[in-house]
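Colleague: Keeping the supplied structure of chain P fixed, place chain Z upon it in accordance with the hints.
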Amino acid sequence: MFDNNKLEEIKTSVESWEKEVVEKSISRFPERKQNFTTGSNGEVNRLYTPLDIEDLDYNEELGLPGEYPFTRGVQSTMYRGRLWTMRQYAGFASAEESNQRYKYLLDQGQTGLSVAFDLPTQIGYDSDDGLSEGEVGKVGVAIDSLKDMEILFDGIPLDKVSTSMTINAPASVLLSMYIAVAEKQGVSKEKLRGTIQNDILKEYIARGTYIFPPEQSMRLITNIFEYCSKEVPQWNTISISGYHIREAGSTASQEVAFTLADGIAYVEAAIEAGLDVDDFAPRLSFFFNAHNDLLEEVAKYRAARRLWAKIMKERFNAKDPKSMQLKFHTQTAGSTLTAQQPDNNIIRVTVQTLAAVLGGTQSLHTNSRDEALALPTEDSVRIALKTQQIVAHESGVTETIDPLAGSYYVESLTNRIEEEAMNYIKSIDELGGAPKAIEKGYIQKEIQNAAYRYQMEVESLERIVVGVNKFQIQETDKKELLKVDKTVEINQREKLKVLREERNNEEVERTLKLLKEKAGTDENLMPFILEAVKAYATLGEICNVLREVFGEYQQTVIL
Amino acid sequence: MDRPIRVLVAKPGLDGHDRGAKVIARSLRDAGMEVIYTGLRQTPDQIVAAAIQEDVDVVAMSILSGAHNHLFPKVVNLLREEGVDDMLIIGGGVIPEDDIPYLIESGIEAVFTPGTPTKDVIEFITNNLRR
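Protein chains in written order, with the working numbering: chain P, 1 to 559; chain Z, 1 to 131.
So here's chain Z without its partners, still in its complex pose:
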């Protein structure tokens, strides 16, 4: 692959905690990826539109408010409806262990919880690209 990996870092929902999203965004950039950060309070529709328009390889979402079970799968479904099935979709935040199987089943390919080293995220992305 010639071009750098393009990643959309997104904050779905009303949650304002973006320390993690920004640290991840910066570490991905430092690892040579092209990173677009959406800013706060994005609806699933806005995230999907941005992902398509920016033609990204990865959508990385962060939620710390507890709304992940509702919002993460919604983004996956909307992308599928748009016929997109080759983007790697991952999520992170304060996410209870018990919720992870459901999210994985919904099409989120990895869920990163507090304490994850950024290099684990970088490694996962590099090894699991779908295009």
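The following block holds chain P by itself, in its conformation from the complex:
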């Protein structure tokens, strides 16, 4: 990109600047610390110049927006065309209460829904299961059957909104419920827009809501890919997630590496199941974290886009450019929120929002200030959503595409993250791919080491967290927190009891028996799950049938 003679001149002047200007200055006023590092502990130089990116080939490595390798963004006009989707992850207590929250958010200008399910739902237990005790409606909404799903989306036209569902192990069941609700609204499958998370590998790595062993889980996932490519063509069938990997303590480069390694495993599984890469790859989507180190995060998203494009083109021979585009949702980092001085979290979320937007995200969830304490109140959620609106409409960063491109520092960081991620992916390939690397505990161990190092840095004050290890204040004011009523669990059980009495139990039994039979074959299970759902078989009943055939995953405990 640069003229060689000019580079020589720059080199000479930088050297003399270091020697004559900087050294003198440091001798009088030493720098604040010995080592300057990114949020992920990467070394940061005093100054970046064209010398740091002298080998960068613009056309090969950056290109133009909407064109390979998509470093500058997946759309040709980015936010000049359309802003990102503002999508707040929400859901708590009962379907009725969550339905109210969704309507409130849509009224406030939110443009897409994002459903949070409670843990029993995410792990395939009904609310009246012994293991669900104390967890019903706590971290999300409790959904036991199609009945609850009908209430959840009551009055929300499913052809008008796009809905993201954070559901993994039982994704096929919840997607079936969504399809069935739409059908009742008179909306056909082809019109449905949304995403299911459906990313089981990161559940084994970092998030923990697995049910079945890897092989059977991968089968369910490829079943969904295949079914949706024909029946629900606008649906994003997976959201390959680095978010939780980062929350568990990984570095930015590890977040990219382990997410894309998981992505590679899904593509391989689908190809092995006989699908054509360009039939399903355009519906793959990603989900990343946004931490506080603004420029490192921007570089991370850019590196991830470029690396995925190369992987799809070179490793999997994808032909459709859409197969090479890494589209992603972002959520600001829950793990950076502090319980101390919670209002400070609004500022953290603002920085993280800027990172996601400057990094070219397709949709964004902003966390609320009180999430280190409890589920957010309506007030806090509103501020979080307004943060996005202010960045979108007042900050000016949306007016041009990829505005930080060409920054010597950002380009150099982008290169470094891509390289570090590639090295990790190589190591994972050598172990036999992501599922094997997870089984061996390799990925978990790498994340844990990074998490522990971070904690030690905070405790030794190498890393400052405002209000936690520095600038503390005596806090006096009581915070208004959201409380989930105990009656949710009781009501949910009562609803189940009525459901089990009122539905056609013969039909339930017939569909469950058929599902069990088909689970033992290699047929696509989606149509049979959908049938059971429509008969009002519960989530727990459907998952139990599959547990009987598939067995359950036993975690590798690594310390």
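The set of hints was computed from the structure by calculation and includes no laboratory data.
For every residue, glycine included, the Cβ atom is placed at its ideal position computed from N, Cα and C.
Take these hints with a grain of salt, some might be off.
If we take Cβ atoms under 10 Å as the criterion, some of the chain P residues that face chain Z in the derived model are [what the hints assert, rightly or not]:
no. : residue
1   : Gly42
2   : Tyr125
3   : Tyr452
4   : Leu481
Modeller: Just chain Z now, with coordinates in the frame of chain P:
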């Protein structure tokens, strides 16, 4: 006391957030304690059985899902039913301030919330052992 302090770090309930539990486990180990980590999704019965079988001095539980008021006291009660009253039982996680008095009253001797330095936990354990 001659033998090192033995600690069971446990994740009761369905919650999958174990970053905190693992960081605590490792820091206790680095402080010279013997640490057993249960892994995810342990029922109160399983935790009590492990605590007795491993003959630990401390049971340290972590929950970030909001189920603490239900699950923490359950573990305490089950241990009492088994006649165990000399284990130090502590908890941590995303736990609202308002819930802490109830948990303390239920027999959880300390509740550590986000932002707690690991050395505070180590210190508390060392100073409050019951055997």
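Colleague: Next, verify each hint and record whether it holds.
Modeller: Quick rundown of the hints versus the structure:
Because the beta carbon of Gly42/P sits about 21 Å from the nearest beta carbon in chain Z, more than 10 Å, this interface hint is broken. With its C-beta approaching chain Z no nearer than about 8 Å, Tyr125/P sits inside the 10 Å limit, and its interface hint holds. Given the 10 Å rule on beta carbons, the hint for Tyr452/P holds: about 5 Å separates it from the nearest Cβ of chain Z. For the restraint placing Leu481/P at the interface with chain Z, the shortest Cβ-Cβ distance is roughly 5 Å, inside the 10 Å limit, so the hint holds.
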